[in-house]
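Q: Top line first, the protein sequences correspond to chains V and X.
If you're matching positions, the first sequence starts at 1 in my numbering and goes up one per residue.
If you're matching positions, the second sequence starts at 1 in my numbering and goes up one per residue.
Hints listed in this document are in silico derivations from the structure and should not be mistaken for laboratory results.
Some hints could be false.
Because identical chains cannot be distinguished in the list, a pair is counted as satisfied if it fits within a single copy or across any two copies.
[As the list claims (entries may be wrong)] Result set (EDC-like, lysine to aspartate or glutamate): computed pairs, CA atoms no more than 20 Å apart in a straight line:
| no. | residue 1 | residue 2 |
| --- | --- | --- |
| 1 | Lys122 | Asp109 |
| 2 | Lys259 | Glu274 |
| 3 | Lys122 | Glu274 |
| 4 | Lys54 | Glu13 |
| 5 | Lys249 | Asp24 |
| 6 | Lys259 | Glu290 |
| 7 | Lys122 | Glu178 |
| 8 | Lys122 | Asp42 |
| 9 | Lys54 | Asp289 |
| 10 | Lys122 | Asp243 |
| 11 | Lys259 | Glu47 |
Only a predicted model underlies this, so the values are computations on that prediction, with no experimental measurement involved.
Okay, here's what each chain looks like letter by letter:
2 protein chains.
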Amino acid sequence: MTVLTDSYTAEREAIDAGLRTSVDRLPAAASRIASYHFGWTDEQGHESRASSGKALRPLLTLLAAKAVAGAAPHADSADGAELWRPAVPAAVAVELIHNFSLVHDDIIDRDETRRHRPTVWKVFGSTDAILVGDALHALAFEVLAESGSESVAAGTGLLAGTVRALIEGQLADTRFEERDRVGIAECVAMAEAKTASLMGCATALGALFAGGTEVQVKALRDFGFRLGLAFQHVDDLLGIWGDPEVTGKAVFSDLRNRKKSLPVTAALGSGRPESAELARLYAGAGPLDEAQLVRAAELVETCGGRSASRESAESLTASAAVGLGAGGLLPEAVAELSGLAASTVGRAW
Amino acid sequence: MTVLTDSYTAEREAIDAGLRTSVDRLPAAASRIASYHFGWTDEQGHESRASSGKALRPLLTLLAAKAVAGAAPHADSADGAELWRPAVPAAVAVELIHNFSLVHDDIIDRDETRRHRPTVWKVFGSTDAILVGDALHALAFEVLAESGSESVAAGTGLLAGTVRALIEGQLADTRFEERDRVGIAECVAMAEAKTASLMGCATALGALFAGGTEVQVKALRDFGFRLGLAFQHVDDLLGIWGDPEVTGKAVFSDLRNRKKSLPVTAALGSGRPESAELARLYAGAGPLDEAQLVRAAELVETCGGRSASRESAESLTASAAVGLGAGGLLPEAVAELSGLAASTVGRAW
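Just chain V, same shape as in the assembly:
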């Protein structure tokens, strides 16, 4: 599947170059492992062309920067100038934080596959995965610090506060696994902390690094935050009904792990008679067999979990786009942000 992020060639190249420059500063052992994680090399350290992911978050940063910079009185956007350039360090920092959290979360969740390849801990062991995650975390702040921007302090504070939210979300997620019942409000709060906060940070940092006003930063942060929550709804739908070829995960993977995702939590809390059967399947011990997985997916659908997440994703995306009306942003960039949102949320589910 081609996603819209593929079209931003210059932006993606700038992000990629920034990431590589950062990773090159690490000690050799850590640099090698980080290069594997980003898909630049294979397990033996040979050059590779594996997927580095969609780079959605750093692209949001650059488009947010463009939306702000292009709207400034002195802006020269007539020739499609690269108004997003000053925000590249912010974009790189966001992507580093995202990948630090992926590397650590994969250890915690014992996930063995990411982007169709074995995860870092699976290949190099948990010790190296902890340390490489820590390295990417530190690099993010180093990139911001060395940007020369006037917004280093504000950006650093925003990014560090976002890491606190990510940790809050991941802690809640691990606690949910140990509990029988999780309310939909708790589950949404977890998704906001785990996913929406970093997307909101991505757009806010772009606006900050482009010298945006408070109103602009807030409008773009709200946009990213809503899009992030929509994204999590879609991700959770893909975790049940996604095509393994596209997601890189086994079919029904989230059900297999009895994950209390957004659609599952909505179904369990629906009060419909079938939700009790779903609760029993989730409460059982040992792995679910194929028939049980098929039945669980049916039950999530029957109890309205699938439609609830689909509708949430759509209404969040729509309201995110509407919110971009504030702050006098560059219309061309606003259209691009809305298009990116629609493309992201429109992934096949």
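With chain V's structure known, arrange chain X on it following the hints.
A: Okay, now just chain X, sitting in the frame of chain V:
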């Protein structure tokens, strides 16, 4: 044992207050675990008066700030004013980074005891320990960012670069465990990355946050760096000959783990006939029995490992103190830094 750090009451209170304010910002589950780690609460979350450690690094930051601020032309140090105040955020950030690395290193090394209590991963599990370490890491940058100092960008860059060094040291340490032979130069480089770099960062950040000149920052960084390496030599001596009542570790603990510490590496590389016997003990499988531990300690001593580390610690401390002559620092603070160094390195071994 009372160490000199106990006498800096006002400084220690300011550091403690800053740490508590930071930790309070974490989500409840993470805050509770971090409070346990710092010795403020017990495993059940009840108030406790366990040791939070010596707070050596943040004290170095504050004394370095005092050395700089007190030497400035406009300084009013006549009444012992709290010239170190502006550097408190830097001191807190350094202590947060130190503790993030302790929490993660304890997972990696499977260390079960720290400051006479079970380690975080041992009490709360590795998942929570990874996440709480990550939280302390992010908090460090948040404290710097919100300090209002003019040195936020420079300080953030310095601190992030130091985390890279810490990771390099920890990676080298884990690699050494898998190797039969480690040269003394490699072992010193590892200790520099793992310990000296953060002490050098501690003093440099204090100087930066007090508005120090380039010469002052460098002189104080060199001081901290040398003291840090001396400190590691002493720590490694304590890891073999330290009193368990003081160190909180079992007697011969580093030998028990076949740790390639500085004195052991010096002994193994001494070329003396007895070093071959030590190498055989270290190469064996299974735990060393008590007689073998006693013998290994004797061999390290016979091969000159004990005296080599003792002499290195003393000469590094002496040269560190001499280096403080540069940059026109406040003599009173220089004397305090030298005293702190002597007290640290003079720990019973």
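Q: Please go over all the hints and tell whether each is borne out by the structure.
A: Against the structure, the hints come out as follows:
For a Cα distance limit of 20 Å, the shortest separation of Lys122 from Asp109 qualifies both inside one copy, at 12 Å, and across copies, at 19 Å. Taking identical chains as interchangeable, the C-alpha atoms of Lys259 and Glu274 lie at most 20 Å apart only when both belong to the same chain, with a minimum of 18 Å there against 58 Å between chains. Proximity of Lys122 to Glu274 under the C-alpha cut-off of 20 Å is found in neither arrangement, the shortest distances being 38 Å within a copy and 41 Å between copies. In this assembly of identical chains, the alpha carbons of Lys54 and Glu13 lie at most 20 Å apart only when taken from the same copy (13 Å versus 47 Å across copies).
Taking the closest pair of Cα atoms, Lys249 and Asp24 never come within 20 Å of each other, the shortest separation being 30 Å inside a single copy and 38 Å across copies. In the homo-oligomer, the alpha carbons of Lys259 and Glu290 lie at most 20 Å apart inside one protomer (16 Å), although the nearest pairing across protomers, at 49 Å, exceeds that limit. Taking the shortest Cα distances, Lys122 and Glu178 sit within 20 Å of each other only across copies (19 Å), while inside one copy they are farther apart (24 Å). In the homo-oligomer, the alpha carbons of Lys122 and Asp42 lie at most 20 Å apart inside one protomer (13 Å), although the nearest pairing across protomers, at 34 Å, exceeds that limit.
Within a single copy, Lys54 and Asp289 get their C-alpha atoms no closer than 32 Å, and across copies no closer than 55 Å, so neither meets the 20 Å cut-off. Within a single copy, Lys122 and Asp243 get their C-alpha atoms no closer than 23 Å, and across copies no closer than 40 Å, so neither meets the 20 Å cut-off. In this homomeric assembly, Lys259 and Glu47 never come within 20 Å of each other (Cα to Cα): the closest approach is 35 Å inside a single copy and 35 Å across copies.
Hint compliance for this structure: hints 3, 5, 9, 10 and 11 are not met, and every other hint is.
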